[in-house]
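Undergrad: The lines below spell out each chain.
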Amino acid sequence: MNLRYSDADEKFRAELRAWLAGEVPKHGAPPPRHDWDARRAWDTGWQRKLFDAGYAGVNWPKAYGGRGATLTEELVYYEETARAKAPYVGMNFVGLRHGGPTLIAEGSELQKKRHLPRILRGEEVWCQGFSEPTAGSDLAALKTAAVRDGDHYAVTGHKIWTSFAQRADFCELLVRTNPSAPKHKGISWLILPMDLPGIEIRPLPTLRGESDFSEMFLEKVRVPSENLVGAENDGWRITNVTLRFERGTAWAADIMELSQFLRDLARLAKRLTRDDASAWEDKALRKELGRLAAEADALWALMKWQIGEVQKTGVPGLGGSALKLAYTELNQRVYELGHRLLGRAGFARDDFAGLPIVEINDTFLNTFSLTIAAGSSQIQRNIVSERILGMPREPR
Amino acid sequence: MNFSLNDDQLALQQGIRDFCEQEFPLDALAALEKAPVTRERWKQLADMGVFSLRLPEAQGGVGLGMAEAVLVFAELGRRLVPGPLVWSHLLAGTIEGAAAGDAIVGGLDDTHPTNRPQLIEHAGVLDAFVLLGRAGAERAPASALAGADLATPLDPLTPVRHVAALPRGARIADGALAAEWLRDGALLTAAFQLGIAEVTLELAVEYAKKREQFDRPIASFQAIKHLAADMYVRSELARAAVYAAGATRDDPAIGDAGRAISSARVVAGDAALKNARMCVQIYGGMGFTWEMPPHYYLKRALLLEHAFGTTEDHSEAVAESTGS
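Chains as they are written, first to last, in numbering that gives the first Met the number 0: chain S, 0 to 395; chain H, 0 to 323.
Among the hints, a few may not be true.
[As the list claims (entries may be wrong)] Chain S side only, calculated, beta carbon under 8 Å to chain H, not exhaustive:
hint, residue
1, T71
2, Y87
3, R147
4, D150
5, R236
6, N239
7, Q259
8, R266
9, A300
10, L301
11, K303
12, G307
13, V314
14, L317
15, A321
16, L388
[Unchecked claim] Simulated coverage check for chain H against chain S, where a stretch passes if three residues somewhere in it have a Cβ under 8 Å from a Cβ of chain S:
hint, segment
17, 1-7
18, 212-223
[What the hints assert, rightly or not] Okay, derived cross-link-like pairs now, DSBU-like style, lysine-lysine, Cα gap no bigger than 35 Å in a straight line:
hint, chain 1, residue 1, chain 2, residue 2
19, H, K298, S, K311
20, H, K273, S, K269
21, H, K298, S, K182
22, H, K209, S, K184
23, S, K182, H, K209
24, S, K286, H, K298
25, S, K282, H, K208
26, H, K273, S, K311
27, S, K282, H, K209
28, S, K286, H, K209
29, S, K303, H, K298
30, H, K33, S, K303
It should be emphasised that the hints constitute simulated quantities derived from the structure, not laboratory data. A quick note: this is a predicted structure, and the numbers were derived from the prediction, not measured. Every residue, glycine too, gets a C-beta built ideally from N, C-alpha and C.
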């Protein structure tokens with residue numbers, strides 16, 4: 000066990016810190032949440048700056064535009080970008096955090112060359128076409144059908160909860176290629192170009208009051224067969240690779256950002272007045288905040304452990320389910336404390352009176368999606384109890 | 000950066016685990032109640048290096064660090080080894096005979112001097128007693144611990160004596176060293192709590208797989224599985240935090256050791272207490288019996304909450320560090 004960052008890691012940290020100090024203020028404030036074009040431009044514009052400076056895809060292979068550095072340097076990257084309050088990964092989430100990593104692990108040479116550099120340059124936004132109205136927690140029950148027709152698949156079906164669908168260029172699409180096989184054996188993983196004819200997007204307003212996600216209707220969409228990732232009908236295995244990334248390491252940056260947010264909350268409590276004293280004088284509040292910060296520290300330590308596992312196998316282990324479960328539930332509790340700290344100012348959705356209402360309330364509302372997306376907390380508990388603790392399995 | 004235990008650490012962990020499983024088997028917990036600490040066992044623990052682990056080799060120690068000590072104390076926690084283990088370990092370089100197990104050293108964290116009454120653990124077997132305060136530490140002869148042993152202590156493996164007045168003695172540490180002992184004591188306690196969290200999870204899962212109701216093992220019910228999953232998450236967080244704190248204590252270049260230790264103590268204390276409670280719950284009626292092991296773990300977890308700072312104290316310390 001050696002938890003010290005190497006001299007090379009620290010050199011990387013110093014360079015990155017200096018670069019972020021100059022660039023983050025220049026990128027300006029995020030656009031209004033309803034302005035999707037501006038949001039895409041802001042998110043991908045930042046990604047392009049990272050790429051040009053050599054900080055995109057820290058751990059991705061050099062051959063595909065990445066930095067080719069170690070996962071440890073990637074951890075340094077997350078620590079420093081959180082510290083500098085660099086722009087959130089935003090619309091690049093799917094491409095950078097699990098779509099790209101899935102292609103690195105399972106994609107063909109052509110697929111890697113075609114997509115990975117463009118994801119890193121902020122030229123491709125990806126979305127996720129996994130869930131369907133009747134295939135949520137029971138994801139393998141998905142029905143979207145892909146019928147082979149020469150060098151294409153004709154895809155027909157109905158996807159749901161597809162975040163950023165209306166601004167994405169590609170989609171990680173799960174389809175059924177063998178309807179007569181058992182449900183886990185007839186699934187394939189396709190790269191769906193979002194500009195093909197036959198795709199209809201219907202935005203779904205979320206409880207945040209915006210259309211982060213959509214329903215996606217596919218009617219005989221002709222997807223080139225070269226867009227198949229891995230072998231036909233081997234999609235469930237590849238899906239699990241994607242989900243391992245989505246649950247295991249995708250949250251590393253977010254854990255760091257949560258720790259940073261707790262520091263901001265402490266600062267906010269010091270300037271808020273409660274009962275003739277600062278809110279920070281309230282011992283109960285301090286203890287609650289300290290407990291949450293301790294859990295965030297433990298999560299970061301667990302993430303380092305997880306990264307060690309990835310270094311051995313290339314793909315995060317099942318322990319990612321525990322990490323996802325702990326992170327998403329902690330996140331809800333942290334932002335709930337932030338919301339409580341706002342008091343009646345928390346009735347608002349937009350910043351006023353010098354309070355960071357959007358940062359607290361908007362994120363608080365969003366935390367309720369985290370314990371549902373990428374496998375609900377209940378599904379993660381099934382996975383932990385069955386696959387890790389060896390308890391009897393639910394019917395599937 | 001590499002979080003995995005190295006071969007030497009794995010061997011150390013396995014060695015102490017084998018020793019504890021042989022000398023402190025679960026089915027012998029009740030047999031320990033009469034005399035939880037004996038000189039013979041104390042000497043055996045000393046021979047395993049439990050007390051001298053971090054002493055330099057020149058002083059007859061093993062010369063290892065806190066990264067290794069937390070592995071050892073987690074194993075002691077897994078088998079609920081009784082006695083003032085943390086005190087004797089902390090004072091191994093200060094009180095003669097402590098390292099070799101010839102002197103059984105106990106103590107009291109008196110940094111909250113208004114906390115009364117004072118109940119001293121294992122007072123009857125101590126050779127030396129250390130009073131740890133903010134300004135420093137004093138060593139008093141154990142014979143000065145006058146008072147009455149409680150007939151029924153909460154933890155059947157931790158006898159306690161009610162002392163009317165705390166004995167004063169020779170000053171053995173200044174404020175800085177006392178603070179270091181307090182901090183190290185918190186980490187070793189966290190490691191012991193980690194062991195409790197791990198083993199109560201394992202016991203509960205094992206029991207649930209065997210126990211049948213409605214013609215199925217109760218481990219097949221989501222109501223039980225999800226409790227177990229939460230226990231697993233708590234154990235994993237506690238392990239990562241305790242190991243990280245051990246490494247950080249050894250190498251200040253990694254980060255703020257005080258912060259890492261307080262975080263580990265908060266998370267491990269929570270894991271020990273909640274997992275022990277859930278273990279009792281999952282055992283059902285059997286969990287409420289004296290003959291089954293869960294109650295021993297629950298009771299020890301309740302006591303450890305008051306060793307070297309409470310979870311609340313350490314939460315506040317983490318908050319201070321977060322807000323600074």
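Undergrad: Next, verify each hint and record whether it holds.
TA: Results for each hint:
no., hint, verdict
1, T71, "holds (4 Å)"
2, Y87, "violated (21 Å)"
3, R147, "violated (39 Å)"
4, D150, "violated (45 Å)"
5, R236, "violated (24 Å)"
6, N239, "violated (18 Å)"
7, Q259, "violated (10 Å)"
8, R266, "holds (7 Å)"
9, A300, "holds (4 Å)"
10, L301, "holds (4 Å)"
11, K303, "holds (5 Å)"
12, G307, "holds (4 Å)"
13, V314, "violated (17 Å)"
14, L317, "violated (11 Å)"
15, A321, "holds (5 Å)"
16, L388, "holds (5 Å)"
17, 1-7, "holds (count 5)"
18, 212-223, "holds (count 6)"
19, H:K298 <-> S:K311, "violated (40 Å)"
20, H:K273 <-> S:K269, "holds (32 Å)"
21, H:K298 <-> S:K182, "violated (48 Å)"
22, H:K209 <-> S:K184, "holds (32 Å)"
23, S:K182 <-> H:K209, "holds (31 Å)"
24, S:K286 <-> H:K298, "holds (24 Å)"
25, S:K282 <-> H:K208, "violated (43 Å)"
26, H:K273 <-> S:K311, "holds (32 Å)"
27, S:K282 <-> H:K209, "violated (45 Å)"
28, S:K286 <-> H:K209, "violated (40 Å)"
29, S:K303 <-> H:K298, "holds (33 Å)"
30, H:K33 <-> S:K303, "violated (44 Å)"
Comparing the model with each earlier hint shows violations of hints 2, 3, 4, 5, 6, 7, 13, 14, 19, 21, 25, 27, 28, 30; every other hint is respected.
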